Amino acid sequence: MTESAVVMKSVNKWYGQFHVLRDINLDVKKGERIVICGPSGSGKSTMIRCINRLEEHQQGDIIVDGIPLTTNVKNIDDVRREVGMVFQHFNLFPHLTVLENCTLAPMWVRKEPKAQAEETAMKFLKRVKIPEQALKYPGQLSGGQQQRVAIARALCMNPKIMLFDEPTSALDPEMIKEVLDVMVDLAQGGMTMLCVTHEMAFARQVANRVIFMDQGQIVEQNEPNEFFLNPQSPRTKLFLEQILH
Amino acid sequence: MTVNTPHSKSVPPPAPAGGVSWFYDPKIRGYASQIIVVALLLWGLYVIIGNTQANLTKLNQNFGFGFLTQAAGFDLSTSLIEYSSTSTYGRAIFAGLLNTILVAVLGIIFATIIGFLVGVMRLSKNRVVAGAATLYIELIRNVPLLLQIFMWYALVLKPLPGVKDAHSLFGIVFLSKKGIVMPHPNFGPGAWAGLLFLVAALVGTWLFRRRARKLQDETGKITPVWLISIPIIILSPFIGLALAGWPLAFDYPELKGFNFSGGMTMVPEMAALLIALIVYSATFIAETVRSGIQAVSHGQSEASSALGLSRGRALRLVIIPQAMRVIIPPLASQYLNLTKNSSLAIAVGFPDLMYAGGTVNNQSGKAIEVVFILMVVYLSLSLFTAAFMNWFNSRMKMVER
Amino acid sequence: MSLSYVRTIDAPKLPAPTTTAGTWAKLRERFAPTPLSGLGTLVIAVFLAWAIWSIFQWAIIDAVWTAPDREPCNAPGAGACWPFVQAKALQWVYGFYPIELRWRPNIVFLLGGLSLAGLLIPKIPFKGWNALFFFLAFPIIAYVLLTGGRFGLEEVGTEQWGGLLVTLIVAITGIVASLPLGILLALGRRSKMPVVRTLCTGFIEIVRGVPLITVLFMASVMFPLFMPPGINPDKLLKALVGVGLFSAAYMAEVVRGGLQAIPKGQYEASMAVGLSYWRMMLLVVMPQALKVVIPGIVNSFISLFKDTSLVSIIGIFDLFNIVQSGFNDAKWASAQTGNTGYFALALIYWVFCFSMSRYSQFIERRLNTSYTR
Chain A
97 MTESAVVMKS
107 VNKWYGQFHV
117 LRDINLDVKK
127 GERIVICGPS
137 GSGKSTMIRC
147 INRLEEHQQG
157 DIIVDGIPLT
167 TNVKNIDDVR
177 REVGMVFQHF
187 NLFPHLTVLE
197 NCTLAPMWVR
207 KEPKAQAEET
217 AMKFLKRVKI
227 PEQALKYPGQ
237 LSGGQQQRVA
247 IARALCMNPK
257 IMLFDEPTSA
267 LDPEMIKEVL
277 DVMVDLAQGG
287 MTMLCVTHEM
297 AFARQVANRV
307 IFMDQGQIVE
317 QNEPNEFFLN
327 PQSPRTKLFL
337 EQILH
Chain B
9 MTVNTPHSKS
19 VPPPAPAGGV
29 SWFYDPKIRG
39 YASQIIVVAL
49 LLWGLYVIIG
59 NTQANLTKLN
69 QNFGFGFLTQ
79 AAGFDLSTSL
89 IEYSSTSTYG
99 RAIFAGLLNT
109 ILVAVLGIIF
119 ATIIGFLVGV
129 MRLSKNRVVA
139 GAATLYIELI
149 RNVPLLLQIF
159 MWYALVLKPL
169 PGVKDAHSLF
179 GIVFLSKKGI
189 VMPHPNFGPG
199 AWAGLLFLVA
209 ALVGTWLFRR
219 RARKLQDETG
229 KITPVWLISI
239 PIIILSPFIG
249 LALAGWPLAF
259 DYPELKGFNF
269 SGGMTMVPEM
279 AALLIALIVY
289 SATFIAETVR
299 SGIQAVSHGQ
309 SEASSALGLS
319 RGRALRLVII
329 PQAMRVIIPP
339 LASQYLNLTK
349 NSSLAIAVGF
359 PDLMYAGGTV
369 NNQSGKAIEV
379 VFILMVVYLS
389 LSLFTAAFMN
399 WFNSRMKMVE
409 R
Chain C
588 MSLSYVRTID
598 APKLPAPTTT
608 AGTWAKLRER
618 FAPTPLSGLG
628 TLVIAVFLAW
638 AIWSIFQWAI
648 IDAVWTAPDR
658 EPCNAPGAGA
668 CWPFVQAKAL
678 QWVYGFYPIE
688 LRWRPNIVFL
698 LGGLSLAGLL
708 IPKIPFKGWN
718 ALFFFLAFPI
728 IAYVLLTGGR
738 FGLEEVGTEQ
748 WGGLLVTLIV
758 AITGIVASLP
768 LGILLALGRR
778 SKMPVVRTLC
788 TGFIEIVRGV
798 PLITVLFMAS
808 VMFPLFMPPG
818 INPDKLLKAL
828 VGVGLFSAAY
838 MAEVVRGGLQ
848 AIPKGQYEAS
858 MAVGLSYWRM
868 MLLVVMPQAL
878 KVVIPGIVNS
888 FISLFKDTSL
898 VSIIGIFDLF
908 NIVQSGFNDA
918 KWASAQTGNT
928 GYFALALIYW
938 VFCFSMSRYS
948 QFIERRLNTS
958 YTR
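Protein chains in written order, with this note's numbering: chain A, 97 to 341; chain B, 9 to 409; chain C, 588 to 960.
No false leads were mixed into what you were given.
Below are the DMTMM-like pairs computed for lysine to aspartate or glutamate, each with C-alpha atoms no more than 25 Å apart in a straight line:
#1 C:Lys779 / A:Asp174
#2 B:Lys166 / C:Asp916
#3 C:Lys613 / B:Glu310
#4 C:Lys714 / A:Glu214
#5 C:Lys851 / A:Asp268
#6 B:Lys166 / C:Asp649
Simulated from the structure, these hints should not be mistaken for laboratory data. Quick caveat: nothing in here was measured; it's all calculated off a predicted structure.
Next up, chain A with everything else stripped away, as it sits in the complex (with noise of 0.2 Å):
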């Protein structure tokens, strides 16, 4: 059996008196790529944010490659070097060149020198296919560059697992499709992946597992082939007939 990227163990999370995660326990190995769906709300984006420690869990262990989150600060910076995170709405820094925004992290964070950062850039610009943007600033490019430059920028960090919370539910239609090969890529090249998405195309495609959460719990989970033609629970039965018209 390989390695585990993420466990996550009886995590429990409130937002004050509502219970958003309800005791997950996930285990995820070292190049898995796991995608996650379910109703608005279920507590998807939390879970995956968890990860990161963009929300604090308040019960249960998460130990990403080996480093528990605790409240030690030390261990968080630890933990989001080897995290790359890509948004809903990009969140590029728009006062920064695409360029710029590619390489803050790696300088500041890792302390490269310039060039070599730059170097780095360059080379995951060109992967995500827009090397020509480089010098042009996030509010020129249109919703599907900038997606592909936030999963550059999360690149140029080398991370070892890849969090996407719904890559393509702010896109227009025609541009989906781009970011998805960027997605496919990365999938291909064996990075461990957890995708927060709705694009079912993609899950069969790529993914090892696929999970279904439903008022803060882990409902199902399967290899897609099952998971698509063979739902147990009803309320994975029902979410599917709903998006799958």
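Here the structure of chain A is known, so what remains is to put chains B and C in place on it, guided by the hints.
Chains B and C in isolation, oriented as in the chain A frame:
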């Protein structure tokens, strides 16, 4: 594969809780920095208090508010309460506070009226009207208020003639170097009838308006409520007074020797301060009103026009109620600014709170106590105004829903 | 008739007609859309014409242009007394700064003006170095040059400074000191630590709740008491401390507004790439927030510039005070001296403040068009 969460998967043993060291615990870091801040603050206070004590002993002084009951020994040019140079320091400060409140309240009322008028004028389609409003705003708000107070004082009020050749308005209001002298109303017994009639007219208007609304709801007929009721409201106290046998006498100012006797006087210092405050603050209120109205989306006025509402009705029924929500918070801070700016009275010698405080300090040397009193009083005025505006704002919001 | 239709020839693209309505209708729409509005136009136009004519008559036609002393200005019917302004102009700029040493304030004016122009004009590069110079090096250079007493420069006490020089010193010190202080206070007010938050909020609200004159009064009478016995701080320094603290509280609120305008996603993305709190603030949040608040900063500078006139109340010879004190000069005291002085003063303040407010509007428009997420 299984339904529901698999508990059977192998999991590495959890890392020891608590992490590497307390140095990296954000909670402990937080407490530590706060303790450092408090320690620095206490140390600073300790040094300051030590120095102050040393300085005060050197000056043969001690800290305390006992001096407030001592005789002040200076005059105030105008006061709302009985005050003379034998009154106490405390009373001097209180008289100053009342003058500050008087100026602030009058200033707020007139500045609001002018400000709303100019703000709406600036959005007028008539180029001359809009241009004049813009000119007024841009001219006035870019010149320091202090300078404007002096300009009103020196250019308009100083050149007024002496008491002997005072400008007179119908022989009852006099303008001279001594200020503006107006008749002072004296109400005799039975004057309450006037008040009673005024209240009755107001209540009547309210009932009338309700009836008109009901009539409109039932038949669609719109009654010109204000056209009818405003004259009635204005006339009613006079009718009441007339029925009660006119128990109202005016104390008219009369020229006696070198001064006026009778009537009430607004000293020129106050007039200069008040005019400057109103003219200056009105520009800011006008800008607030303009941006408030513009903040209501263009779609709202388009929708009103599409429904066939006239521009006036659209303003009154659709735009203003929405704009008020945007206007009130900055309006509140303009009122606070006006109140605080009234402290510039000290420059022309109008005895407001700041003037009284400054004079008390000069006479008694109680700097710390005076500054403390001034700050507490101004802060309370600010808090009071803020609280009132908050209350008003929340009411507006509720009415809207 | 068939419903089917296919356009085969494009309709010609025509230039827009020059006028749609007659000149008369256009005029009516602009100046008298309703009869009442027309009446308003008439009243305002007459009033404006009268006001402009009166000022013109006073300032130009009836004005005294050259005179050795006050005599011609005292003549009945005389207008503005411009020779007074001419005679006092240098004093208005430098105060009582020794004439042979005025090259020192001149260098300060020049350096400050160049650096400020570099900061304010968007096209000029090296903004970062320029800001560093303006906020760190320039105050030190200006201090050394103006006070003297070292590097072989003759010492000039602050009681000899005055006029526009002091007004600008007070205003610029206020801004230079208030920006870093205000940023710290704004961050403190948003801090998660209750003690820090309470202290910062308390300071901001107390200072904003009292008039500037109270703060100046406090600085001038209480500040000396706080110092170790025997040390009596310079009068100008006391005023500068008061103005600095006062504008810091206002600046803190301006900066806080900018911080609130930064979307949460920016914080999250910075944390996700592993930036620490201070790096996040320095590299991601502050550059954006400060850009958003440039108009706010300029506006508070305008307020501060106008408010500098209050230091005259605690006895400092700023522009306002020095102009006023000239009215009592026996050589020039006349019926028109005061009017002319106030008019000139108002004009100077107005030119400064109006151009700054125009600049702030220009930046605001620029931000609105270029700043897209």
